[in-house]
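Protein sequence lines correspond, in order, to chains A and B.
Going by my numbering, the first residue of the first sequence is number 1, and it counts up by one from there.
Going by my numbering, the first residue of the second sequence is number 514, and it counts up by one from there.
Any given hint could be a false lead.
Claimed, not checked - No farther apart than 20 angstroms at their CA atoms in a straight line, the calculated lysine to any residue pairs in the SDA-like style are these:
{"#": "1", "chain 1": "B", "residue 1": "Lys735", "chain 2": "A", "residue 2": "Thr360"}
{"#": "2", "chain 1": "A", "residue 1": "Lys363", "chain 2": "B", "residue 2": "Leu719"}
{"#": "3", "chain 1": "A", "residue 1": "Lys199", "chain 2": "A", "residue 2": "Ile223"}
{"#": "4", "chain 1": "A", "residue 1": "Lys28", "chain 2": "A", "residue 2": "Arg185"}
{"#": "5", "chain 1": "B", "residue 1": "Lys747", "chain 2": "B", "residue 2": "Leu645"}
{"#": "6", "chain 1": "A", "residue 1": "Lys368", "chain 2": "B", "residue 2": "Lys721"}
{"#": "7", "chain 1": "A", "residue 1": "Lys376", "chain 2": "B", "residue 2": "Thr722"}
Since the hints were made in silico from the structure, they are not lab data.
Keep in mind that this is a model prediction, so the values were computed, not measured.
Each chain, written out:
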Amino acid sequence: MEYVIEMLGIRKQFGDFVANDNITLQLKKGEIHALLGENGAGKSTLMNVLFGLYQPEDGKIRVRGKDVKITDPNVANKLGIGMVHQHFMLVENFTVTENIILGSEPTKAGSINIKDAAKKVQELSETYGLNVDPYAKIEDISVGMQQRVEIIKTLYRGADIIIFDEPTASLTPQEITELMQIMKRLIEEGKSIILITHKLNEIMEVSDRVTVIRKGQGIGTVITAETNPTELAELMVGRQVVFKTEKIASNPKEVVLEIDSLSVTDNRGIEKVKNLNLTVRAGEIVGIAGIDGNGQSELIEAITGLRKVKSGHIKLNGKNITGLKPRKITESGIGHIPQDRHKHGLVLDFPIGHNIALQTYYKKPISKNGVIDYKKVNEMARTIIQQYDVRSGEGEMSLARSLSGGNQQKAIIGREVERDPDLLIAALPTRGLDVGAIEFIHKRLIEQRDKGKAVLLISFELDEVMNVSDQIAVIYDGYIIDTVNPQETNEQELGLLMAGQSLQDKNKVGGQK
Amino acid sequence: MSKRLVNILVPLISILLGLIIGAIVMAVSGFNPIDGYVALWNGIFMDTYTLGETIRQITPYVFSGLAVAFAFRTGLFNIGVEGQLIMGWLAAAWVGQAFELPAVLHVPLALLAAAVAGALWAFIPGLLKAKLQVHEVIVTIMMNYIALHVANALIGVISGGEERTEKIHESASLRSDFLETMTDYSRLHWGFIIALLAVIVMWFILQKTTLGYELKAVGFNKNASEYAGMNVNKNIILAMVISGAFAGLGGAMEALGTFENMSKLHASTGIGFDGIAVALLGANQPFGVLLGAILFGALKNGGLNMPSEAGVPTEIVSIVIALIIFFVASGYIIRVALNQFGKKRKEEK
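Please model the complete structure; the sequences and the hints are all you need to start from.
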């Protein structure tokens with residue numbers, strides 16, 4: 001069998017931290033080869049080795065049977081290896097063609113020859129069914145199309161081995177389907193693909209073989225047709241994974257959060273939360289299901305004091321907290337796992353230890369008279385890092401930026417839960433995480449509930465809401481359209497509610513709200 | 514190559530390269546580079562007098578460097594250090610000559626006045642940035658011009674139409690007989706001790722206090738800071754105010770030490786702008802700023818000796834000094850070169 005790429009026994013070390021240890025990956029010509037591993041398992045490191053961004057300490061790389069030394073990305077390009085990065089590397093106010101030729105601009109009498117380049121882009125687009133307009137500006141096109149521009153970029157440079165790094169992370173379901181078709185098309189045209197992902201269903205759908213790595217170790221390669229998601233998940237995390245989280249029946253007690261006819265507007269003054277009522281009791285998890293953009297963000301921001309309330313009341317343990325400053329609200333007993341961990345959850349340029357102190361840095365015993373005791377900060381951080389299994393290169397001193405998404409999230413959850421709040425708000429707590437991390441986070445949320453805390457979960461994933469919540473409140477167009485019991489509902493019913501069809505509508509034609 | 518060795522080698526090689534290119538410039542222009550550098554060396558270290566003058570020259574650079582670096586560390590670009598320094602200079606000069614107090618009160622009061630004047634001058638851009646999102650670079654640049662001409666006008670008012678303010682009272686002066694006799698009557702004053710204290714103060718604020726934690730957090734990520742319950746606007750203003758206070762104290766060094774008055778300025782002093790280079794040389798670290806200021810001040814003062822002793826015109830002197838600083842600032846290039854060198858050696862083995 002002909003291999004186009006062979007990475008044999010690769011080892012890469014950063015200081016004392018072994019990111020890759022004896023990993024072997026062999027890519028056959030014309031296959032889609034998935035590279036599976038948890039966040040932080042070493043997938044990106046391995047691909048950066050292949051792409052020439054890192055030099056391995058040990059191991060061999062062969063391309064089309066020949067030993068090669070890939071010293072920088074240019075060498076990789078020349079060998080026909082192209083990479084579609086997770087975060088696109090595009091200049092927003094340049095056109096598609098300008099972006100594609102960036103770095104190797106074709107010239108004609110000293111000026112850039114855009115026309116010929118655009119023609120070539122058009123041809124590539126048609127050959128592979130990518131449907132990209134060479135003259136469109138990047139800022140005007142959808143995320144899915146931007147990704148296709150990245151694909152053309154690699155093709156334009158003559159790549160026949162394409163690495164996709166978590167390509168579906170920012171795509172809509174339709175765009176994901178399209179991408180899968182494009183990948184199959186690329187294979188038909190004789191390309192070979194490495195697909196980096198932790199999404200099992202995608203692997204099952206498109207890949208031919210899967211190489212699994214766990215904590216930097218190569219676990220092995222399996223043929224997709226001969227495996228199943230459960231087995232893959234086990235290989236990935238090294239133990240059995242329960243897709244359905246076990247939990248005992250809830251035992252709701254007194255009301256912790258009470259929201260009474262709340263209205264909130266967004267930055268443009270448009271009312272996003274309309275007359276919303278919601279109660280969360282101690283010892284229960286209320287899940288808010290809904291399609292993105294139906295007022296979830298504004299609702300959380302209003303509860304936590306980050307956004308002004310237009311009208312209505314928010315009560316915590318019977319005390320009115322409407323319009324208080326964020327710190328006062330935090331101190332009155334709310335823990336908040338924000339939906340965007342990079343924007344709100346972390347100061348990425350701070351060490352992770354300092355981030356763990358983000359809500360308590362000003363309080364005793366961490367600080368006294370305005371002076372922070374960093375020894376105590378690091379002690380506390382180490383405890384949380386250990387308890388919540390936050391993995392990083394240099395422990396509490398690692399920059400938050402250098403941690404993988406799952407580990408960043410675990411650190412945030414540790415910080416918020418350890419403050420022992422009465423109400424824990426978890427907004428999209430598992431977005432972009434692998435099954436192992438998701439399971440861990442769900443367990444922690446349920447643990448809080450069992451300790452008698454109130455938990456408010458906001459999620460766009462129906463699975464998650466149905467799995468974790470004791471009650472599901474469906475939000476639509478800024479109000480709670482209905483509250484259902486997860487045991488008594490199904491995805492179809494929730495889907496209808498999320499689309500604005502109240503359950504009475506099914507019986508009463510023309511019913512309102 | 515060990516990290517430590519690289520860290521020592523980089524600045525040394527940088528200075529050496531700067532000196533070599535500077536020598537070429539002098540040679541091409543028809544001057545003897547060796548004579549030129551001997552004159553530079555003598556201008557820095559020749560005797561106690563020049564050494565005293567060198568330290569005096571370094572002192573205000575420490576403050577302007579700290580002012581820029583402090584703002585940088587909190588995510589702000591304070592180009593208005595020049596104007597804040599001018600206002601501090603004027604305030605200290607006025608307090609120094611207008612009141613008669615015992616020295617224990619007079620010196621601190623004059624210093625305080627300078628710090629407050631600089632802080633107020635920086636408060637305006639801080640406020641505009643926090644409340645109206647006006648970019649601080651634009652406002653601080655403009656505030657420099659305003660400071661220059663407002664100060665000149667006020668000097669006229671204070672002195673009753675003269676070109677300079679009256680000499681400050683002895684009780685407000687940072688000069689001392691002790692330092693003067695020790696350094697052969699140079700203008701060295703106690704300001705360098707205050708500068709060293711300021712270095713420690715900045716380090717302490719940024720590394721040890723909740724205030725520093727907040728200022729840095731706001732500088733890095735406003736959203737996360739707001740989420741954590743910090744008052745973002747307050748912190749932006751405070752960062753500018755503290756930066757401005759450092760700048761104002763730099764002005765006080767001139768008012769209470771070097772000149773003991775303030776003359777009308779025809780143009781910017783340049784100290785504030787050089788502070789940007791000093792801060793960058795010092796990687797925005799307080800102790801780095803101190804080293805940067807020492808290099809900057811020493812070269813400036815030593816350069817003054819080159820025209821008289823070696824006949825190198827001031828224009829060439831400026832070019833040579835700029836080259837040395839340029840190479841120190843571009844230490845990155847040397848770091849890369851050293852890395853390549855280290856790699857090759859490893860491969861040969």
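*Can you give the numbers of the hints that this structure goes against, from lowest to highest?*
none
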